[in-house]
Amino acid sequence: MDRLTALEIFTRILTQFTPVWIGLLLILVVSFVFRRKLGLYGKLFGSSIGTVGLILVLFWILTALLADMIATMDPLTQISGMKNKKPGWPVSGMEGQWYLLGGDNLARDVFSRMVYGSQIVLAIAPAATIFAFMVGITLGLPAGYYGGKFDTMLSFLANLVLAFPVILLFFLLVTPEIRETGVPLVMAGVLFLFPILFFMMLFYSRFKEQTTKLYITLGITLVLGLWAYSGLAFNKDPLGVFYMDPNLLNIFVSVVFVNSPTVFRIVRGLAIDIKTRDYVAAAQTRGESPWYIMLWEVLPNARGPLIVDFCLRIGYTTILLGTLGFFGLGVTPESPDWGMTINEGRKLLAVYPHPALPPTIALMTLVLGLNLLADGLREESLRD
Amino acid sequence: MGSFLLKRSGVMLLTALCLTYIVFFLTNLEPNLEKLTKSEGNMRMSDVQVQSWLEKNGYRQPLIKRYGEWLGVAPGWTRTDEEGKVTGRCIKRAEDPDNPPRYCGLLQGDWGFSLVFKNDIKEIITEKLALTGKLMLCVLAVMVPAALLIGVIAGMREGSKTDRSLSAFSILTTSTPEYVSGVIFIVVFASKLGGLRWFKGTAATAMENITFENFTLPVITLALYGVGYIARMTRASMAEVMTEQYIRTARLKGLSFSAVVMKHALRNALIAPFTVIMLQIPWLLTGVVIVETLFNYKGFGWTLVAAVGNNDIELLLACSVVAVFVVLITQLISDIGYVFLNPRIRVN
Chain A
460 MDRLTALEIF
470 TRILTQFTPV
480 WIGLLLILVV
490 SFVFRRKLGL
500 YGKLFGSSIG
510 TVGLILVLFW
520 ILTALLADMI
530 ATMDPLTQIS
540 GMKNKKPGWP
550 VSGMEGQWYL
560 LGGDNLARDV
570 FSRMVYGSQI
580 VLAIAPAATI
590 FAFMVGITLG
600 LPAGYYGGKF
610 DTMLSFLANL
620 VLAFPVILLF
630 FLLVTPEIRE
640 TGVPLVMAGV
650 LFLFPILFFM
660 MLFYSRFKEQ
670 TTKLYITLGI
680 TLVLGLWAYS
690 GLAFNKDPLG
700 VFYMDPNLLN
710 IFVSVVFVNS
720 PTVFRIVRGL
730 AIDIKTRDYV
740 AAAQTRGESP
750 WYIMLWEVLP
760 NARGPLIVDF
770 CLRIGYTTIL
780 LGTLGFFGLG
790 VTPESPDWGM
800 TINEGRKLLA
810 VYPHPALPPT
820 IALMTLVLGL
830 NLLADGLREE
840 SLRD
Chain B
342 MGSFLLKRSG
352 VMLLTALCLT
362 YIVFFLTNLE
372 PNLEKLTKSE
382 GNMRMSDVQV
392 QSWLEKNGYR
402 QPLIKRYGEW
412 LGVAPGWTRT
422 DEEGKVTGRC
432 IKRAEDPDNP
442 PRYCGLLQGD
452 WGFSLVFKND
462 IKEIITEKLA
472 LTGKLMLCVL
482 AVMVPAALLI
492 GVIAGMREGS
502 KTDRSLSAFS
512 ILTTSTPEYV
522 SGVIFIVVFA
532 SKLGGLRWFK
542 GTAATAMENI
552 TFENFTLPVI
562 TLALYGVGYI
572 ARMTRASMAE
582 VMTEQYIRTA
592 RLKGLSFSAV
602 VMKHALRNAL
612 IAPFTVIMLQ
622 IPWLLTGVVI
632 VETLFNYKGF
642 GWTLVAAVGN
652 NDIELLLACS
662 VVAVFVVLIT
672 QLISDIGYVF
682 LNPRIRVN
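Chains as they are written, first to last, in my numbering: chain A, 460 to 843; chain B, 342 to 689.
Any given hint could turn out to be false.
Said to hold, decoys possible - Taking lysine to any residue pairs in the SDA-like style, the calculated list, with each CA pair at most 20 Å apart, reads:
#	chain 1	residue 1	chain 2	residue 2
1	A	Lys608	B	Lys639
2	B	Lys379	A	Glu639
3	B	Lys348	B	Asp676
4	B	Lys348	A	Met612
5	B	Lys376	A	Asn564
6	B	Lys533	A	Asn564
7	A	Lys806	B	Val529
8	B	Lys463	B	Gly413
9	B	Lys379	A	Asn564
10	B	Lys533	A	Val810
11	B	Lys376	A	Val633
12	A	Lys806	B	Ala647
13	A	Lys806	B	Ile622
Source of the hints: derived by calculation from the structure; they are not laboratory data.
Next comes chain B alone, as it looks inside the complex:
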């Protein structure tokens, strides 16, 4: 188990480095830097001025060196101009400019400064992640039990009428992406046309105060798209377990159908869905971005869109790092969980 964990973490670290480097490369493309310069300096800068600004601010170093600085494994750049004034990456950011640290990057906890929100990125990210965390918690609390219930009931008696209708429902939800169901829900439940003004079509007020009225639609919209997929996986797993010999034995022993399902089938049938649910979390990220934009809930996804839209390179980088780590950690948990839950798989 130890060596498995070690190897898995090693691959994860390598993946994280590669991914963040790719993101770093893609966010620091020439046109983006030019746009950044013009928004930092002024819009009417000439090409020569843009180049000299970039040169002065350390953007003209090799990409790998700048990546190292950003990560905090390479010392920040310093530069002495004609008048003998020293500028540098870490000097700008340091609390005490006369005695700046040598390294200032992600690893030192320096995430940079957001140009759009005019605030420290670490603060923004923590605040926004907390908001999105609430949303995700509600979504998982709705999605997982619903999906497991549907899957287990459908897979319990494969081919029955219940199974057919529940499977059809699952296919329907997987065919309805968030931007479709969200729009339909708003029209039906929150607009004049639908007539039923049960809920609010915006979740902007939910950032301070979550109520049933303003949070239901975003949560349901997000949960619905995922339900179908998890339910289908649970159904397949349940249907497979129900054909096993030990289930037949239990039935022949005289146990009731419900006892067989509860005591013998469920435990074995829920191994596969666990992996699926864990892997679903990064997949929810796309949904989070869509739903937060649609319902104007200013969480992590909304911030990502804002960072992209405003060419806020450092904020976008920070968001990407968080997103990449969420993906990798859920993958790791699902791998480990699968090994723990399934006695048939023994890692050497």
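Just chain A, with the same shape it has in the complex:
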């Protein structure tokens, strides 16, 4: 079998992504047809920057979901004789199989690793961002709404974390040694409580008068929340559904920890601004509880900037995760996560550049998509 030419590689990669193209087309056509009923998301199609961003982000989400159909090889299998082979090299011993983007230093398929890498990035980055938002919102709303000593103290703590050079914090927090001391577990124990707290306050403040609904929603929150909590933070899930690798937990907690003070500051600023509005005064006159006002009056009205920041922050978290991988602090040594792959590839960059390039371009396009999406959303939400 001969080596593929550049054009053949290109067309083969395009064909490999067929499921993604079909999915992308379906989603875009459906959303475009119903765009008038879809609120802010529908308006996104009015801005070209936002549309491009959406397409890029959807592309990677679909790739992550359909990775099994797209990848040509297993991301971890090493095939002898394929070490550092150039793009389009035929797989020895397998008829009709090529390493589309070549082989890496351990003779694994670069293309498949890039495809599977999207799963890891797109699982961790949004989840960590959601947690950071839960922490930031739960603390930022009361800080902005009440002000006073509580605010001063929390703001000092937030500034403390923000004054820490991010890279230093990561070097100190994401080490194998620190796992033995249990510091990540303590942090996980504290940080993972916030989502439960958030939802409990959310339902409690809403259904305080309707006891049946209150009990049902609180019950569901507590059961689901504590179940996930026991599994994620302490790996003690009795059913074994929720589980996080200790190293992953360490990284996850650090990323949440780094991001939440910024979210806190944004939410606090928004709360200070919004609490002077008339509808808040109206709610206060109605005699609503402070938490009801914060969660059901202030928060929904702060959603515009928060959604924009959410998109930006996922991108930033992706970059952070890549940075961690770049310093060899990634999820697991073997995993195809993009940062780690870049780190492995850079060592032989001058001789074999092809293993390092695909993950860099993948990471760049995903972050670019998220940033463009955020920009489009900001533009569209400012318009009304």
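Once you have looked at the hints, place chain B on chain A.
For chain B alone, coordinates are given in the frame of chain A:
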């Protein structure tokens, strides 16, 4: 102004103390100390031996006391063993062991001794900071003018084609972290595959002799990631200024567009970017670490990585102190500068 400065410095000092204490705590975790013991003594030490070594060398005192010793506000520990020989923190380090000083810590200028580089930490830090300083200077010299120019041109006529394409460029650069752009640059400009071997893919030679060839790629890589953000801030600020009444007045007075931009808009539009640029400096630290590792330029960032990788506790502490102070001082400068530059803000 005086009380503002005083209050600000007070908060800064408190922050610095808290941060260094956290770093001290995190670097002196039990597993790190055990690793240190084994590398100092020998690898096959038993647990009991490790504990006794730690006990003998003053690592078993309360953390806050050791923090005080390290900082130089608490007297260094001393210990008399069975044979009557006196050992102590300050005795080990003193030039004259018979007459050691009572305090020996950061404040006395004693930064400790690096296990990896086998050298006095103060010397290492000064040398490495000078190297990184050169890099930062070049980066700022490229980044700031480029970012301001892009931002001002884009914000001058909001919504125009130039604005759109420059904004797209800014978003592109903010989406390209250093480890991505660095790798791409090396491949394109310094490898066989790219074909254009204009620059060198390593800056190791730049430590002695900076040339265009070996320093361009690291500088551009670092500058590029920051350009987009500053440019976007400048653009927003410029676009806002351009809608102000006094700009319209100046235009109606008959001034040319360029004169309005140069004389009236620029001065007011550059207040916000100043803060952003100052706050960008600590943010560049992450970039410095990445770029120095990628291009093998042995400056401050590279030293930080080496200290972490080799469990060199004292060196890591020293690096952290420097990093924390860079962050806090740039924050202070940006606060003060903002007050000075903006006549609308008067501090009581």
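field: Pair hint lysine 379(B) and glutamate 639(A), alpha-carbon separation not exceeding 20 Å
entry: 17 Å, holds
query: Holds or violated: lysine 463(B) with glycine 413(B), Cα cutoff 20 Å?
result: 15 Å, holds
task: Would you check the hint for lysine 348(B) and methionine 612(A), treating anything up to 20 Å between C-alpha atoms as holding?
output: 16 Å, holds
query: Given the hint that lysine 806(A) pairs with valine 529(B), does the C-alpha gap stay at or below 20 Å?
result: 16 Å, holds
query: Are lysine 379(B) and asparagine 564(A) close enough, with their CA atoms no more than 20 Å apart?
result: Violated: lysine 379(B) and asparagine 564(A) sit about 33 Å apart, past 20 Å.
message: Hinted pair, alpha-carbon criterion (20 Å max): lysine 376(B), valine 633(A). Please report holds or violated.
response: The given pair, whose Cα atoms are some 17 Å apart, holds under the 20 Å limit.
task: Take a quick look at whether lysine 806(A) and alanine 647(B) sit within 20 Å of each other, Cα to Cα.
output: 17 Å, holds
query: lysine 348(B) and aspartate 676(B): Cα distance at most 20 Å?
result: Given pair lysine 348(B), aspartate 676(B) holds - Cα atoms ~12 Å apart, limit 20 Å.
Agreement of lysine 533(B) and valine 810(A) with the hint, judged by alpha carbon distance not exceeding 20 Å: 7 Å, holds
- request: Could you grab the alpha-carbon distance between lysine 608(A) and lysine 639(B) and see if it respects the 20 Å cut-off?
  value: 45 Å, violated
message: Just to be careful, I want the Cα atoms of lysine 533(B) and asparagine 564(A) compared with a cutoff of 20 Å; is the pair within it?
response: 18 Å, holds
field: 20 Å limit on alpha-carbon distance, applied to hinted pair lysine 376(B) and asparagine 564(A)
entry: Not OK: lysine 376(B) and asparagine 564(A) at ~31 Å, beyond 20 Å, violated.
In this structure, the earlier hints numbered 1, 5, 9 and 13 are contradicted, and the remaining ones agree with it.
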